[in-house]
Amino acid sequence: MEVRDSFGKALRFVRQRRGLAQEDFSLVSSRTFVSMLERGATSPTLEKLDSLCTVLDTHPVTLLALTYLLGSEAPESLSSSWIRLVRS
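Numbered according to numbering that gives the first Met the number 0, the sequence shown spans residues 0 to 87.
It should be emphasised that the hints constitute simulated quantities derived from the structure, not laboratory data. Just so you know, even glycine gets a beta-carbon here, dropped at the ideal spot from N, CA and C. Please note that a few of the clues may not be correct.
Here are the simulated EDC-like cross-link-like pairs (lysine to aspartate or glutamate), alpha carbons at most 20 Å apart as the crow flies [claimed, not checked]: (1) LYS8 - GLU37; (2) LYS8 - ASP23; (3) LYS8 - ASP56; (4) LYS47 - GLU37; (5) LYS8 - ASP49; (6) LYS8 - GLU22; (7) LYS47 - GLU22; (8) LYS47 - ASP4; (9) LYS47 - ASP23.
Simulated restraints on C-beta separations [what the hints assert, rightly or not]: (10) SER25 - SER71: 16 to 24 Å; (11) TYR67 - LYS47: 17 to 25 Å; (12) GLY18 - HIS58: 29 to 37 Å; (13) LEU26 - SER71: 29 to 37 Å.
Please put together the full structure from these sequences, using the hints given.
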């Protein structure tokens with residue numbers, strides 16, 4: 000799985016866990032751009048990543064760690080630990 004695809008899955012996962020819609024990012028990004036990110040069609044700049052994470056109330060490192068976790072063959076216990084961390 001490509002990093003862009005994994006990032007998209009991580010972004011969608013955190014957004015949904017936070018109960019947010021793509022439109023909730025309207026102050027920092029368009030719904031279309033968020034959709035493109037979630038589909039793995041594009042990648043964010045560091046500045047955009049920071050803005051998105053502000054809306055998600057999540058540190059960028061957490062989102063990036065989840066990105067690489069979803070794109071790897073990490074042990075299920077490690078994946079579960081990160082997922083619990085994001086839910087809180």
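These are the hints, each one checked on the structure:
no.	hint	result
1	LYS8 - GLU37	6 Å, holds
2	LYS8 - ASP23	18 Å, holds
3	LYS8 - ASP56	17 Å, holds
4	LYS47 - GLU37	14 Å, holds
5	LYS8 - ASP49	17 Å, holds
6	LYS8 - GLU22	17 Å, holds
7	LYS47 - GLU22	16 Å, holds
8	LYS47 - ASP4	17 Å, holds
9	LYS47 - ASP23	15 Å, holds
10	SER25 - SER71: 16 to 24 Å	32 Å, violated
11	TYR67 - LYS47: 17 to 25 Å	18 Å, holds
12	GLY18 - HIS58: 29 to 37 Å	19 Å, violated
13	LEU26 - SER71: 29 to 37 Å	33 Å, holds
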